[in-house]
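Each protein sequence line maps, in turn, to chains A and B.
1 is the number of the first residue of the first sequence in our numbering; add one for each residue after it.
1 is the number of the first residue of the second sequence in our numbering; add one for each residue after it.
Read the hints as simulated data drawn from the structure, not as lab findings.
Incorrect hints may appear among the rest.
Identical copies go unnamed one by one, so any copy, or any two together, can satisfy a pair.
[What the hints assert, rightly or not] Simulated pairs of lysine to any residue, SDA-like, Cα-Cα distance not exceeding 20 Å: (1) Lys-85 x Asn-2; (2) Lys-187 x Gln-149; (3) Lys-187 x Trp-145; (4) Lys-100 x Asn-115; (5) Lys-137 x Ser-176; (6) Lys-100 x Tyr-111; (7) Lys-85 x Pro-75; (8) Lys-116 x Leu-58; (9) Lys-85 x Glu-72; (10) Lys-85 x Leu-58; (11) Lys-116 x His-103; (12) Lys-85 x Val-27; (13) Lys-116 x Ala-198; (14) Lys-137 x Asn-45; (15) Lys-100 x Pro-39; (16) Lys-100 x Arg-33; (17) Lys-100 x Pro-46; (18) Lys-85 x Gly-57; (19) Lys-137 x Tyr-216; (20) Lys-137 x Leu-42; (21) Lys-192 x Arg-43; (22) Lys-23 x Glu-72; (23) Lys-100 x Arg-43; (24) Lys-137 x Ala-47; (25) Lys-192 x Pro-77; (26) Lys-24 x His-74.
Protein chains: 2
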Amino acid sequence: MNRLYHVPLSPFCRKVRLVLAEKKIEVDLIEERYWERDPDFLRRNPAGKVPVLRIDGLAMAESQAICEYLEETHPTPALLPSDPKGRHEVRRLCAWFDDKFHHDVTSKLLYERVNKKMMGQGYPESRNVKAGATQIKHHIDYIGWLLDQRRWLAGDVMTLADFAAAAHLSCLDYISDVDWNRNTVVKDWYAKIKSRPAFRSLLADQVPGFPPPAHYSDLDF
Amino acid sequence: MNRLYHVPLSPFCRKVRLVLAEKKIEVDLIEERYWERDPDFLRRNPAGKVPVLRIDGLAMAESQAICEYLEETHPTPALLPSDPKGRHEVRRLCAWFDDKFHHDVTSKLLYERVNKKMMGQGYPESRNVKAGATQIKHHIDYIGWLLDQRRWLAGDVMTLADFAAAAHLSCLDYISDVDWNRNTVVKDWYAKIKSRPAFRSLLADQVPGFPPPAHYSDLDF
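Input sequences plus hints: build the corresponding full structure.
See below:
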């Protein structure tokens, strides 16, 4: 059986979980407290990070590289368009969320509020939380701007870019850090992606010590 | 004519420059002081970062997404293998260097010593420089470990993974922060890649206020 070593509130793990579910690839989810640096786990991925996917006899690391592998080996449904320009736009947006959004927002809100406590690294730094709360607004505006021109983030069909974005936003929504009233177009896009069967496992996540708000798993939030 | 907006000592720009040169795609290099946030430049890339490549009527951002695009539109010479497992390994290692090595080493040495001064952000933080100097050793050991099993970083042929690694190391070599005597296998690998015609433009770079050491452009260093 395939195995995904993950933590529930990692946007990178969630992106891979969404891709696996969308492509109907069955997988056992195994929670890995990667910050404890278990030697067995470090052998699987010397970078010491999740996600790690055990599939086809390999232990694969790095979420974007994993998603590209799954796209190549399980091409249906397609999560990248077939033309190089369209593929570039999807990959650019994945990098936007996994790099810029992660730096500006996810690391400032989720990591301060949840990861620090989970890893025993003290209390949230209020300066960071404040910066993250400001910057998420600009990012929601950017998503809204994209969606004013396109049905989905990278074009007219749903792609990996939507999953990358939704993976980050869903983690932040778990801790009530997304103001869905800021932009109804963004809210409608998230409602569409949230109602997909692939999203169900994410909505069922429960992190001890951090109960999700009622709206988190509500499809009509 | 194609245009690459770049800065000379950016590992991400250098990775793209190596790919362009290896694939013999001509390009005008335009230095972009991206930290000054020129509105014209921000229109090209709202992320406000280099590299940005103007090609085929588009302004493309994000180095890995650009390299994937170039690989798809200019497949010769191939910089990704044809099998999904091999492609995953190349992409995993690109992420290793552009994410982990960048965080552990490049941001701690190059950004502290050069970027801060260039951007008027003060003096190097010695704690960071010290951490970077320690961590580069572990990374050189990891590269050496890979090369004990393979001719090139991701397997038996040269790939984008070698360019990603060499892009970071060449920036650090420009400021004499690589101890090539630590591992002769790593040194030999770097000598091989450094002697490629694609590398010439990198070796000719000159950053005002930061003259490179003599060994930087010496193929017999």
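Verification of the hints:
Within a single copy, Lys-85 and Asn-2 get their C-alpha atoms only as close as 32 Å, which misses the 20 Å cut-off; across copies the closest is 16 Å, which meets it. Taking the shortest alpha-carbon separations for Lys-187 and Gln-149, only the intra-copy value of 16 Å comes in at or below 20 Å, while the best inter-copy value is 50 Å. Proximity of Lys-187 to Trp-145 under the C-alpha cut-off of 20 Å is restricted to the intra-copy arrangement: shortest distance 13 Å within a copy versus 48 Å between copies. In this assembly of identical chains, the alpha carbons of Lys-100 and Asn-115 lie at most 20 Å apart whether taken from the same copy (19 Å) or from different copies (19 Å).
Taking identical chains as interchangeable, the C-alpha atoms of Lys-137 and Ser-176 lie at most 20 Å apart only when both belong to the same chain, with a minimum of 14 Å there against 42 Å between chains. Within a single copy, Lys-100 and Tyr-111 get their C-alpha atoms as close as 15 Å, and across copies as close as 18 Å, so both meet the 20 Å cut-off. Taking the shortest alpha-carbon separations for Lys-85 and Pro-75, both the intra-copy value of 18 Å and the inter-copy value of 15 Å come in at or below 20 Å. Within a single copy, Lys-116 and Leu-58 get their C-alpha atoms no closer than 31 Å, and across copies no closer than 41 Å, so neither meets the 20 Å cut-off.
In this homomeric assembly, Lys-85 and Glu-72 come within 20 Å of each other (Cα to Cα) both inside a single copy, at 18 Å, and across copies, at 10 Å. Only between protomers do Lys-85 and Leu-58 lie at most 20 Å apart by alpha-carbon distance; the minimum there is 9 Å, versus 31 Å within a single protomer. For the homomeric pair Lys-116 and His-103, the shortest alpha-carbon distances inside one copy (16 Å) and between copies (19 Å) are both at most 20 Å. In the homo-oligomer, the alpha carbons of Lys-85 and Val-27 lie at most 20 Å apart only across protomers (19 Å), although the nearest pairing inside one protomer, at 32 Å, exceeds that limit.
When the C-alpha separation of Lys-116 and Ala-198 is checked against a cutoff of 20 Å, the pair qualifies neither within a copy, at 29 Å, nor between copies, at 44 Å. Taking CA atoms no more than 20 Å apart as the test, Lys-137 paired with Asn-45 passes between copies only; the shortest distance there is 19 Å, against 35 Å inside one copy. In this homomeric assembly, Lys-100 and Pro-39 come within 20 Å of each other (Cα to Cα) only across copies, at 19 Å, whereas the closest approach inside a single copy is 31 Å. In this assembly of identical chains, Lys-100 and Arg-33 lie within 20 Å of each other by CA distance solely across copies; the values are 19 Å between and 25 Å within a copy.
In this homomeric assembly, Lys-100 and Pro-46 come within 20 Å of each other (Cα to Cα) only across copies, at 11 Å, whereas the closest approach inside a single copy is 24 Å. Only between protomers do Lys-85 and Gly-57 lie at most 20 Å apart by alpha-carbon distance; the minimum there is 10 Å, versus 33 Å within a single protomer. When the C-alpha separation of Lys-137 and Tyr-216 is checked against a cutoff of 20 Å, the pair qualifies only within one copy, where the shortest distance is 19 Å, while the shortest distance between copies is 44 Å. Taking the closest pair of Cα atoms, Lys-137 and Leu-42 come within 20 Å of each other only across two copies (18 Å); inside a single copy the shortest separation is 37 Å, beyond that limit.
Neither within a single protomer nor between protomers do Lys-192 and Arg-43 lie at most 20 Å apart by alpha-carbon distance, with minima of 39 Å and 29 Å respectively. Taking CA atoms no more than 20 Å apart as the test, Lys-23 paired with Glu-72 passes inside one copy only; the shortest distance there is 11 Å, against 24 Å between copies. For the identical chains of this complex, Lys-100 and Arg-43 are inter-copy neighbours only, at 17 Å across copies versus 29 Å inside a copy, given an alpha-carbon limit of 20 Å. Proximity of Lys-137 to Ala-47 under the C-alpha cut-off of 20 Å is restricted to the inter-copy arrangement: shortest distance 15 Å between copies versus 32 Å within a copy.
In this assembly of identical chains, Lys-192 and Pro-77 lie within 20 Å of each other by CA distance solely inside one copy; the values are 17 Å within and 42 Å between copies. Taking identical chains as interchangeable, the C-alpha atoms of Lys-24 and His-74 lie at most 20 Å apart only when both belong to the same chain, with a minimum of 9 Å there against 33 Å between chains.
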